[in-house]
Each structure stands twice: as structure tokens, then as C-alpha cells.
Amino acid sequence: MNALVPLPVLLPILGAGVSLALGRHPHIQRWLSLAVLGGVVAVAGVLLVQADQHGPQTVWIGAWPERLGIVLVADRLAALMLLVSAIVTLAVLAYSVSQGMTEDEEGAPLSVYHPTFLVLVAGVANAFLAGDLFNLFVSFEMLLFASYVLLTLGGTATRIRAGTIYVLVNLLSSTLFLISLAVTYAATGTLTLADLADRLEELPDHVSLMIQLLLLTTFAIKAAVFPLSFWLPDSYPTAPAPVTAVFAGLLTKVGIYAILRMQTLLFPDSPLTDLLLWAALLTMLIGILGAVAQSDIKRMLSFTLVSHIGYLVLGVALGSREGTAGTTFYVVHHITIQTALFLVLGLVERRAGSTALMRIGGLARIAPLLAVLFFIPAMNLAGIPPFSGFIGKVGLFQAAQSDGSALAWTLVAGGALTSLLTLYAVSKTWAVAFWRSPKEAHEALEAIGATDDPDGEPVPGHDTRAVHEHRGHVHTAGGTVSRADIEQARRLGDDDMPDRDFYTLIEAGEDNRHSPGGMLAPAAALVTLSVLLSVVAGPLYAFCDRAATDLHDREPYLTSVLTGEDR
Amino acid sequence: MTDVNLTLVVISAVLLGSGVYLLLERSLSRVLVGLVMIGNGVSLGFLVAGGPAGKAPIVGEDGDGTGIADPLPQAMVLTAIVITMATTAFVLAMAYRSWQLNGHDDVQDDVEDATVRRLATIDVTSEAYTATTSDFPGDDSSGDPGQGPDDDPVGLDPRTGDPAESDPLRADAAETERSGS
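Chains A and B supply the protein sequences, listed in that same order. Using UniProt numbering, the first residue of the first sequence is number 1, and each one after it goes up by one. Using UniProt numbering, the first residue of the second sequence is number 1, and each one after it goes up by one.
In case anyone wonders, no lab produced these hints; they're calculated from the structure. Keep in mind that the hints are not guaranteed to be accurate.
[As the list claims (entries may be wrong)] Now the stretches of chain A that chain B is said to cover, found in silico as 3 or more residues with beta-carbon under 8 Å: (1) 304 to 318; (2) 533 to 543.
[What the hints assert, rightly or not] Quick partial rundown of chain A residues pointing at chain B, CB under 8 Å, derived from the structure: (3) Ile61; (4) Trp64; (5) Ala157; (6) Leu181.
[What the hints assert, rightly or not] Have a look at the derived ranges for each label pair, beta carbon to beta carbon: (7) B:Ala86 x A:Lys439: 49 to 59 Å; (8) B:Leu24 x A:His25: 44 to 54 Å; (9) A:Pro516 x B:Ala13: 40 to 50 Å; (10) A:Pro65 x B:Asn5: 27 to 37 Å.
Using N, Cα and C, we set each Cβ at its ideal position, and we do this for glycine too.
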């Protein structure tokens, strides 16, 4: 019994209520949200220490006899996820407060942002702490509902279009979740995870396999595992930068967490290794091939997000302690850098007016701090040695190697290839957006006729310069670009800055030179945190290893929930 | 579970099936009706999962708990119904907003899809490609604006699938207009 356990859920929920009531006082709203999230970080930190020293912390809400109430459990894994998510959401909130998104989003329901964000945080925390499947369902609904609102904030045409797909896919997965809950309840008469752990073993194999596959499909949609991943790269990039950052960082990881919990606690004897390994391989490769093809940085990063979910699934699929430890470490690493990258991209978009590669250039010289802030997590994402991405990948590859099957070795090869392709994708971005000069970017754009009036006839400029077009690819001095890229760049650019690229903005003196410190600081803090992850990688990996041991042992969790005793 | 109520199972299955069919439509309001039907089908499924019907799920004053209905699935169904109601309201609002913005509430194409298709038009127009694009103009049954094959500005001939415009770039511009993004 530990009164701290419900606080990461309660604080944001209560905060959201108060914040909604204070809609007319944006200043108080901001400080309130920051204070609430600060509190959650502190509570999560304490829980982490307690869970590490005294075993899983359990609370039966309402203290009903006969274990009828809702149970919240903070074991090592849950507490770690809780802490990381709390830190990341705090950083994102600080960023968005400074961005003043609650003010200058035109036509947005302004006062709604903060309460919704807090509900999202509460939902994520509840998902990590949930000790029964129905509570997990409710927390998914909480965070999804908040995400529907955040994704369609302002109700612009692009966001409604992207939001429709996102909402429908997630509604479908929620329905599937409900069906699996009904089936589970009909078969076992309980939804509490600890009770299920016992009762599922008594079921006939085919029934428990069906329940497992139903749950797995549900969570795989949330986690964007191939082939259930196509909704993600289409919907995420349209949202405001901080929203995309927090979605990319957290929401898919909640799905992975649910898969991890379910596989280790409920179905320890049926790891479905082959199925999941194939899913992991395909997720990695197809995701990263999508990323390589993109011409917009936000889209590119959304595809790498899908691709790197594959690494997480790899660790889960192996069903071994090493694999679980690797996944846990990789989740921590990936939440941090993916959020950091999207926050930095928000700054890039603000500075250069766009994130479409065709329109920007020269940021390394013009905004060196931004360039550094982009470069470090980008290299980290690709898994360049000193960084945590490398450590996480090595951990996962070692786990696959000790598994030893041919498929596991294929996964090692696929993972290494994905890593290289990630490096390719981010260095392409680096070379184009940060390295070439804005003038070069402008000339290339002009040469291929993409700066023309968007309503007029696009004129291929092969009469003016050393540019020629061949089979849809435009060849200029600066390289080869596909015509479709240009078209896409123009179309995506229309949202923020119609037919004006970075160079035009600089020439007109209308570029946004000021990157507010309040936005830089949280982004820089997250980048620093991601670097720190490699500094403290030893203790952190040891912790992940202990968490994985707990998960596969199951005994600490079951004892704590079923008897209510701390070790 | 020997005495499953077959009526409930059949109704639930019919609701789910019809819901899935409606979900495949283009119009968001039909999709919404489909979602509501699926939601109700699942709720009925929960009633089946709760076992045979009994007395009210309340233990009486005499403390006799035998023969009462299982309260837990009912509580879950209540929660699920509330959530479905909220989502319905939200999707309705989105459909309305979509209608405000575009004049129809059709679920629009994935931007990625459009890009890939555009790339295919420009780069290699294989026969397989023309075969797959010819059936794309949406459903003509809904009679909504902007999606029927007749007012499709790209002008893909529904029979041959040949782009009416010989210049693919013009077709692109038209398509960009059409998707409204």
C-alpha cells in the first residue's frame, strides 16, 4: 500500500479540471500545468526509487475486500516509464508554453490545450500503472481522446483530414480491445492481470492463443507495428510541433509497454517469437524505406519512428531477459530522442518557415545552435557509437545473438541495415537542410520551376539553366530531385508559407530570427538528457536488467498484487 | 458456458457485420453509423460474456448472492457505452467540420498514397497501374460532390484509365486542388 501510486494519474486529472475552469486566465493555467507536471516528475522519481528498493508498489483503489476494486501497480518497469514520460511531457509543455501556442494558433479553441494535455498525461500514466485490462482500456481511451483533440486542434483542413484517419483507426482498435476484453472475461471471469496470469494457464491452448492474438493485434495498432502502422506517418506530421513531439515520444511506446506487460505477465509460455520477429523485421525495413523516400523532415522522422518500433518489438519477441532489458533501455532512449528531434524541428520550422527539404538550406551557418541540437539526436537515432542509440542496439543485438536462431540472426542483419539507412536518411536531411546555402536551395528550386505561382502552370525550366528533366527526375547542378518531391514540397509548404522558400524570406528580411529561449531551453534539455543517457548507461542498463528479471520472474508482481505486501 | 443466449450472439454478429460493411464506405457519416453499430454489437457481446441473465446484480439484504446477474460486465458495458457516445459526438463534429471545409464529409486519400500514385503517373505508367487507378473515383452511389467520376477534374477515364490530360503535371495540379490540401 503506497499512497503515492495513484498520484501520477490523479494530479493531472485534477489539474485538468481546474485548468479548464481557469480558461479565462491563461497565465494561471500555464503555471498550474507546469506545477502539476513538475509534481508528477517528483512523484515518479520517488516511485522509481521505492520500486527499486522495496519491490512493486501496489494500491487497491477504494480498499474493497475480496480484491474487487481497481488495482494500480508501480513495478520497476512501470516506474521507469512513468518517470521518463513525465520528464518528456514536462519539457514539451514548457516548450509549448513558450511557443505561445495557446495564443497564436489562429481559430483554435485556446483554453482547451492545457486541460487536454494534462488528460493525455494522466492517460499515459494510468496505462503504465494499470493492474487490470479494463483499466488499461480506460486509460487508452483517456489518452486517445486527448490525442484526438490535440491532433485536430484548430480544425484546419489538413488536420481534419489527418485526424479522420487517426480517429477511425484508433476507434477500430479500441473496439477490438473491447472484443478481446469480452472474450477474456467470458473465458476466465476476471480482467485483473494478476488473476489472469493464473487462470489463463488453465485454459485450453486455442482459447488462450486467441485471446493473446486479439490483445496483440490491438496493441500492435497502437504501437504502429507493421502491417498496422500506416496510419501513423500520415497523421502525426500535421499536428503542431509540441503535439507531434509528445505523440511520437509517448503514444506508440504505451502500446509497446502493453505488449511487453502482456507477453511477460500473461503469456510467458507462448512468446510467439517467430511471428513477432517477422513483424519486427518488416516494421524496421518498410518503415526506414519509407523514411528514405520522404522529402519533408517531419514525415521522414515519422517513418523512422515506425521503423524503430521494430527494434522494440525485436526485444519483446525474443521473450528472454536480455531482450526485455534491451527493449526497456531502447524505449527510454527512443522516447527521449524522438521527442527532442520533433521539438527541434518545431524550432527549424519557425526559423526557416518550413520543414520541406526543397525550401530550406544553410541552417548550419544561420542557426548553428539549432544545427547542433538537430545533429546530436539525429546521430543518436542512427546509432553512432558514443550515444545511447548505439548501446540500445548493441543490447538488442546481443539478446538476438544469444537466442541464436537463424531468424534472430536475420533480425540482427536487418537491424544493422535499418541503422545504416537511418543514418542515410538523417544525413540526407543534414546535407540538404543544414549544409547547402539557402541561395543554392533557392536556385535549385527556381531552376525546376517550383517557385511559380501555385495556381499557374508549373514551368519546367530546362530552357534557362543546366537543368534537364528525364523520366520525372529533375537534374540540376545541385543533384537529382524527383518531380514528385517538388510537387509534394510545394503542397506541404502551402500550409505554412505559400510559395516562399527560406531564401526569399531572408532576402525580404522576413525570416523569423528570434528563437525564444523558452523554446530552445526544453529542446536543449532533452538533447542533453539524451546525451546523459549514454553517460549513465551502465547503471540504467543494470536497472533495465533488474526490471526485466522482475518481469520474467513474475513472482514480485504477483505477490505484491495478490497479497498486498511489499517485499 | 453451456447456456449461451443464441439470440444475443446472432444480433451481435449481425450488428458487427453490418458495421464493418458501413465502415468501408467513403462518407464519414456512414462510417460513423458503422462504428455505432459495431459498438452496440460489442456491448451485446459483453452481455453474452456475463453469463446467463439472472436477477438484478445487487445482493439483497439477506446477503443471498446466488442467482444474481454478474455485475462486472454490466459496469464495463456502461463505461463502453459512455465512451462510444463521446466518440460519436466527436466524429460527428469532425464530419460537420469536414463538410464545412470541403462541402462533403468523405474520408480523403492519404497524402502518401497520392504522392506514390503521382510518382507512378509521371515515372512509369505500367499497365498494372492503369488497371488499378481506373476503379478509384470513389463510390458513385453516395452522390456526393467532388468524388463522382463525372466531376473528377483529373479526368481519368473510368473505362480506360488514361489520364485525360497528356501533361502529367497539369494532372498533378488538378489533383492537388481536388484533395483540397
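- Are A:Ile61 and chain B close enough, Cβ to Cβ, to be under 8 Å, as the hint says? Check failed: Cβ of A:Ile61 comes no nearer than 14 Å to chain B, outside 8 Å.
Pairwise beta carbon distance, A:Pro516 to B:Ala13, judged against the given window 40 to 50 Å: 57 Å Cβ-Cβ, so the 40 to 50 Å window is violated.
Between B:Ala86 and A:Lys439, does the beta-carbon spacing fit 49 to 59 Å? 52 Å, holds
**Prompt:** Holds or violated: is there a CB of chain B closer than 8 Å to the CB of A:Trp64?
**Reply:** 13 Å, violated
- Message: Just to be sure I understand the hint, the distance between the Cβ atoms of B:Leu24 and A:His25 should be within 44 to 54 Å; is that true here?
- Response: 47 Å Cβ-Cβ, so the 44 to 54 Å window holds.
A:Pro65 and B:Asn5, beta-carbon distance inside 27 to 37 Å? The hinted range 27 to 37 Å holds for A:Pro65 and B:Asn5, with Cβ atoms some 32 Å apart.
So, as I understand it, the hint says A:Ala157 touches chain B; can you test that by seeing if any CB pair is closer than 8 Å? 5 Å, holds
Take the region 533 to 543 of chain A, compare each residue's beta carbon with every beta carbon of chain B, and decide whether three or more fall closer than 8 Å. With 0 residues closer than 8 Å to chain B, the region 533 to 543 of chain A misses the three-residue bar; violated.
*asked:* Can you confirm whether chain B covers the region 304 to 318 of chain A, using C-beta to C-beta distances below 8 Å and requiring at least three such residues?
replied: Three-residue rule not met by the region 304 to 318 of chain A, so violated; n is 0.
With chain B as the partner, please determine if A:Leu181 meets the hint condition of a C-beta pair closer than 8 Å. 7 Å, holds
Of the numbered hints listed earlier, those contradicted by the structure are 1, 2, 3, 4 and 9.
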